[in-house]
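*Asks:* Take these sequences, add in the hints, and give me the full structure.
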Amino acid sequence: MHKSLIKAEFQVQRDDYKCIRCRVCERQCSFEVHSYDADADRMFEDEMKCVGCQRCVEYCPTRALTIQPHPSTIRPHGNWPYRAVKDICKQAETGGMLLSSTGDELGHRIYWDHLVLNASQVTNPSIDPLREPMELRTFIGRKPDQVDVRLVNGKPVLKTELPPQLTLETPMMFGAMSYGAISYNVCQSLARAATASGTMYNTGEGGLHRDFYQYGPNTIVQCASGRFGVHREYLNAGAAVEIKVGQGAKPGIGGHVPGEKVDKEISITRMIPVGTDALSPAPHHDIYSIEDLRQLIYALKEAVEYKKPVGVKIAAVHNAAAIASGIVRAGADFVTLDGLRGGTGAAPTRTRDSVGMPIELALAAVDQRLREEGIRNNASLIVAGGFRNSTDVVKAIALGADAVYIGTAALISLGCTVCQKCYTGKCPWGITTQDPYLTKRVNPEIGTQRLTNLLRAWSLEIKEILGGMGINAIESLRGNRLHLRAIGLNERELDVLGVMHAGE
Amino acid sequence: MATKAKTTKKRRRVQADEKVCIGCKLCEVACIVAHSKSKNIIRAFNEETPRALSRVLVEESKPLTFALQCRHCDDPPCAVACMTGALRKDPETGAVLHDREKCVGCWMCVMVCPYGGIQRDMREGKAASKCDLCLELDEPACVAACPNAALFVVEDED
Amino acid sequence: MHYRFEKDMSACGLTGFINRDRKRVDGEAIMSSICNMDERSNGQGGGFAAYGIYPEHKDDYAFHMLYTDIDAKEITEKYLDRHFLIIEDGELPTRKTAGIVDPPVIWRYFLNVDEEVLHMNACDEEDYVVEAVMYINAEIPGAFVMSSGKNMGAFKAVGFPGAVGRFYKLDEYKAWTWIAHGRFPTNTPGWWGGAHPFTLLDWSIVHNGEISSYGINKRYLEMFGYKATLMTDTEVTAYLFDMLLRRHKLSIEVATMAIAAPFWSQIDHLPDGERKALTALRQVYGSGLLNGPFAFILGHKDGMVGINDRIKLRPLVAAEQGNTLYVANEEAAIREIASPDRVWMPTAGEPVIANLKPEKDSIKEKTSCIKV
Chain X
1 MHKSLIKAEF QVQRDDYKCI RCRVCERQCS FEVHSYDADA DRMFEDEMKC
51 VGCQRCVEYC PTRALTIQPH PSTIRPHGNW PYRAVKDICK QAETGGMLLS
101 STGDELGHRI YWDHLVLNAS QVTNPSIDPL REPMELRTFI GRKPDQVDVR
151 LVNGKPVLKT ELPPQLTLET PMMFGAMSYG AISYNVCQSL ARAATASGTM
201 YNTGEGGLHR DFYQYGPNTI VQCASGRFGV HREYLNAGAA VEIKVGQGAK
251 PGIGGHVPGE KVDKEISITR MIPVGTDALS PAPHHDIYSI EDLRQLIYAL
301 KEAVEYKKPV GVKIAAVHNA AAIASGIVRA GADFVTLDGL RGGTGAAPTR
351 TRDSVGMPIE LALAAVDQRL REEGIRNNAS LIVAGGFRNS TDVVKAIALG
401 ADAVYIGTAA LISLGCTVCQ KCYTGKCPWG ITTQDPYLTK RVNPEIGTQR
451 LTNLLRAWSL EIKEILGGMG INAIESLRGN RLHLRAIGLN ERELDVLGVM
501 HAGE
Chain P
1 MATKAKTTKK RRRVQADEKV CIGCKLCEVA CIVAHSKSKN IIRAFNEETP
51 RALSRVLVEE SKPLTFALQC RHCDDPPCAV ACMTGALRKD PETGAVLHDR
101 EKCVGCWMCV MVCPYGGIQR DMREGKAASK CDLCLELDEP ACVAACPNAA
151 LFVVEDED
Chain V
1 MHYRFEKDMS ACGLTGFINR DRKRVDGEAI MSSICNMDER SNGQGGGFAA
51 YGIYPEHKDD YAFHMLYTDI DAKEITEKYL DRHFLIIEDG ELPTRKTAGI
101 VDPPVIWRYF LNVDEEVLHM NACDEEDYVV EAVMYINAEI PGAFVMSSGK
151 NMGAFKAVGF PGAVGRFYKL DEYKAWTWIA HGRFPTNTPG WWGGAHPFTL
201 LDWSIVHNGE ISSYGINKRY LEMFGYKATL MTDTEVTAYL FDMLLRRHKL
251 SIEVATMAIA APFWSQIDHL PDGERKALTA LRQVYGSGLL NGPFAFILGH
301 KDGMVGINDR IKLRPLVAAE QGNTLYVANE EAAIREIASP DRVWMPTAGE
351 PVIANLKPEK DSIKEKTSCI KV
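Chains as they are written, first to last, in the numbering used here: chain X, 1 to 504; chain P, 1 to 158; chain V, 1 to 372.
If you are wondering where the hints come from, they were derived from the structure by calculation, not from laboratory data. Just to be clear, a hint being listed does not mean it is correct.
Subject to a maximum C-alpha distance of 35 Å in a straight line, what follows is the list of computed DSBU-like cross-link-like pairs (lysine-lysine) [to be verified]:
| hint | chain 1 | residue 1 | chain 2 | residue 2 |
| --- | --- | --- | --- | --- |
| 1 | V | K96 | V | K73 |
| 2 | X | K307 | V | K276 |
| 3 | V | K150 | X | K159 |
| 4 | X | K307 | V | K301 |
| 5 | V | K301 | V | K73 |
| 6 | X | K159 | X | K49 |
| 7 | V | K58 | V | K169 |
| 8 | V | K23 | V | K357 |
| 9 | X | K159 | V | K312 |
| 10 | V | K301 | V | K357 |
| 11 | P | K62 | X | K7 |
| 12 | P | K102 | P | K89 |
| 13 | X | K155 | V | K96 |
| 14 | V | K249 | X | K155 |
| 15 | P | K19 | X | K18 |
| 16 | P | K126 | X | K264 |
| 17 | X | K301 | V | K249 |
| 18 | V | K357 | X | K155 |
| 19 | X | K159 | V | K227 |
| 20 | P | K89 | X | K18 |
| 21 | V | K312 | V | K276 |
| 22 | P | K37 | X | K426 |
| 23 | P | K126 | P | K37 |
| 24 | X | K18 | P | K37 |
| 25 | X | K155 | V | K301 |
| 26 | X | K155 | V | K150 |
*Replies:* Okay, structure coming up:
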């Protein structure tokens, strides 16, 4: 036995005057930081275990606790920030890959923060969304280039059969998060909130629990490389099917759910034995080429009898534009792009932080490429990867997205504090855990309400911004990059984003 | 027939939903504060002696947890068993109320209660201790304090 | 650097009329009508379109060209010569007019397309002409196609519309459809090409307003080969109509349902068939929805259409006298030249449509075609 050099990440401070020894902190901490010594009538803290989730802080009835990044540090060094030293110590100790959760935290440039939006002044009136209709309805699916509508007795009659479309009342959906990565209660909250909000949630690659088939019209079911829980009934239970090729948080790597999280219900849903690791292969072993993808797309279309859109999700990687073009030509009804900042329940830290690219650049490149090839209408473009607020969404739509997936933001609305410990299965907020003592922490009634509120609030803000631009339908913003201007970006970035600099 | 209601003083009951009870015991903390002299959480715990008793108790057999308190029965066995009349069913509010002045601490009520909703209070002489529904408050303190809506008020429609 | 476009914003006045019986009148009336609304323009651009003006050349494409330098003329003429049969060409008649300064070289060509060339390129004749127009406007600096339709022409310049009309001697042309425009650009100086009407083939459009959806309308049309080079809303509106009406064969009524679409709150309550049709139009042509304040008049070989945006943020009045339909921003501009039997205010997004009675000899020509 030798001394561990793993450093404490957080400091736990307790105001002993305020502490009433109620031990709520102790009961709430799933990492066992807090303990009570009855003889001494004192609370003790093991800072080494603290993940900074703030659960105890929020639940302490006297607000006696403060958790902050541990102030101990080393002599500052340009090449060796304390974080780098900590990581090395951890790896020297364990001999393992560093694991983490959520999306990139290196802080690659967030382009949303360098884009500003337009508003009307004088020459066209802004529109007041409280007094006039403001339309956010969005359709996901392949659109033909033209449609035959004729007037019969003065009434328009449709002569073209359109491919299947998803109807969204707001251009935001809940992104793919699997049952297994997140709890039953969270799945239920997402499903019910999507239903209440007239939008979709995405099952992720963990199959669909029988209890949630009732939310099928608001469900996008995923088919990933592990094919967990994929069967004909599952495919037909949802409103659309998404083939998951990659994920923004870990491009090139399959999904991981550790065996500890695989309980009986998850085992049934995923069709794997209880307690086994659910490790999706890195690629789909029946897709080694674009033509293989085409076969899977059409196999799935056959399975759903061409009644539901079938799309493909890829991580935003360097040649995303060319790949997306191939995907559209392979017959996908929608393409999902997941950026570098997209979340995950478990990913190697190095992959999470350094593989892929910010969604803004990928989105701009893909939308432009599909337009140059004249096939932008042939598929909808859904983007994901770290959307934090409604203006991120507005900017994404102006860059060319049809809709966005929000994942991490949805979980944050349920309590997540981005502590990045999903992979431990001990989520103190009861979100990314299957421990029945912890999963109760998300009350699906409250969860549904909070998620519904979030979508409502963002939708109201989107309407307000649209009205300010003098636009009353979201389709007039989609791909309308003239409503964006950049601040502080260089020529290349402006070119890739296809926007002008502010002042131009 | 009971329906959920937020705040009502008349004929209210507290119900628990064990499916979302997270066992934090904030209900107990709130109950103690509500029945303290100062109504100040830090004083109630750290300064008042004897400390008030919680009339709601979280039962725990992990992962199962739920908060338990007097059910304020329509036909309360405790009131029948009480030889001094310290326990009575209040016809107006439907609450089963306890008069500490009359209580002699015989524990008959504790023995007959089918729910375990009455505790012994040994702090200053012997007496029973039980939920009074916080009738003086808009909402029972435990319900207001529950972070996960695992405790809620229902209203009896008679 | 193909993103570095700047969009022109402008307010304007517009007016137009059409005689359904193809009775032709000279340009005096339209000039009086538009001059009545001089208040709505600022001398930065005025223009007219007239239909039925070249009966002697009615089967030829009449190219009205603006050249800002003589090299452009040379290059363009080489290009035209290579791709068209030039039936006749010459200076477009103008007269010196106060208020019209520094005119470019203005030339008119009557062109025809060699059937064999079309055959070789396996291309539709009109697409062929459109491509040529796009090429000249985008690729030949200093050259601009003012209009390119058959038996019609556009006349535009920087100046107040009355002066523009006199400059082009509109009193000497006779047309059954006249539309006119006075411009009030707000952020870019007027230039001759940027004045309205904007035209393509026999479509001509005058426009009052600002399309807030311009950015996506332009990118949408670019997917289908339309090159928007003029930085105006009007240009994309014209291209949009060209695509919907000519290429996609939608009727004008249906096309207006796409570009000034009804709200979902209205669509959702319609009977099944109508709801499906309007939903499909919005799904497919969402990027073509014109959003923002506008009133425009569209002239074409078979008629004229006036329409407002979907919440009527710009004025538009319609009137009828006998078989002549008038549309203008202001009622006064109509009453200046007519004593209408009926005047009405079209509601938001509701098109006012007038179609010409079929031409007698065009029917004759068609029958003879079938016989062959």
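*Asks:* Give a verdict on every hint.
*Replies:* Evaluation of the provided hints:
1. The suggested pairing of K96/V with K73/V holds, with an alpha-carbon distance near 21 Å, which does not exceed 35 Å.
2. As the CA atoms of K307/X and K276/V are separated by approximately 16 Å, the hinted pair is consistent with the 35 Å bound.
3. A hinted pair counts as satisfied when its Cα atoms are at most 35 Å apart, and K150/V with K159/X qualifies at roughly 32 Å.
4. Restraint check for K307/X and K301/V: not satisfied, since their Cα atoms lie roughly 42 Å apart, outside the 35 Å limit.
5. Taking the CA atoms of K301/V and K73/V, the gap is about 28 Å. The hint holds against a cut of 35 Å.
6. Distance check on the hinted pair: K159/X and K49/X sit about 65 Å apart at the alpha-carbon level, beyond 35 Å; violated.
7. Restraint check for K58/V and K169/V: the C-alpha separation of about 20 Å stays at or below 35 Å, so the hint holds.
8. The straight-line distance between the Cα atoms of K23/V and K357/V is roughly 11 Å, inside the 35 Å bound, and the hint therefore holds.
9. At roughly 30 Å between alpha-carbon atoms, K159/X and K312/V fall within 35 Å of each other, so this suggested pair holds.
10. Under the criterion of a C-alpha separation no larger than 35 Å, the hint pairing K301/V with K357/V is consistent with the structure, at around 11 Å.
11. Among the hinted pairs, K62/P with K7/X is consistent with the structure: their alpha-carbon atoms are about 32 Å apart, no more than 35 Å.
12. At roughly 15 Å between alpha-carbon atoms, K102/P and K89/P fall within 35 Å of each other, so this suggested pair holds.
13. Between K155/X and K96/V the CA atoms are separated by roughly 51 Å; this puts the pair beyond 35 Å, and the hint is violated.
14. Using a Cα cut-off of 35 Å, the hinted pair K249/V and K155/X holds, with the two alpha carbons roughly 17 Å apart.
15. Our distance criterion of 35 Å between C-alpha atoms is met by K19/P and K18/X, whose separation comes to about 31 Å.
16. Between K126/P and K264/X the alpha-carbon distance is near 49 Å, which puts this suggested pair outside the 35 Å criterion.
17. The suggested pairing of K301/X with K249/V holds, with an alpha-carbon distance near 31 Å, which does not exceed 35 Å.
18. Straight-line distance between C-alpha atoms of K357/V and K155/X comes to about 23 Å, which keeps the hinted pair within the 35 Å bound.
19. Distance restraint check for K159/X and K227/V: the Cα-Cα separation of roughly 30 Å lies within the 35 Å cut-off, and the hinted pair is therefore satisfied.
20. Annotation: proposed proximity of K89/P to K18/X is violated, straight-line Cα distance about 39 Å (limit 35 Å).
21. A hinted pair counts as satisfied when its Cα atoms are at most 35 Å apart, and K312/V with K276/V qualifies at roughly 25 Å.
22. For a cut-off of 35 Å, the pair hint linking K37/P to K426/X is broken: about 39 Å separates their Cα positions.
23. Between K126/P and K37/P the alpha-carbon distance is near 19 Å, which keeps this suggested pair within the 35 Å criterion.
24. As the CA atoms of K18/X and K37/P are separated by approximately 18 Å, the hinted pair is consistent with the 35 Å bound.
25. For the hint linking K155/X to K301/V, the alpha-carbon distance of about 24 Å falls within 35 Å, and the restraint holds.
26. A threshold of 35 Å between alpha carbons decides the hint, and for K155/X with K150/V the separation of about 32 Å falls inside it, so the pair holds.
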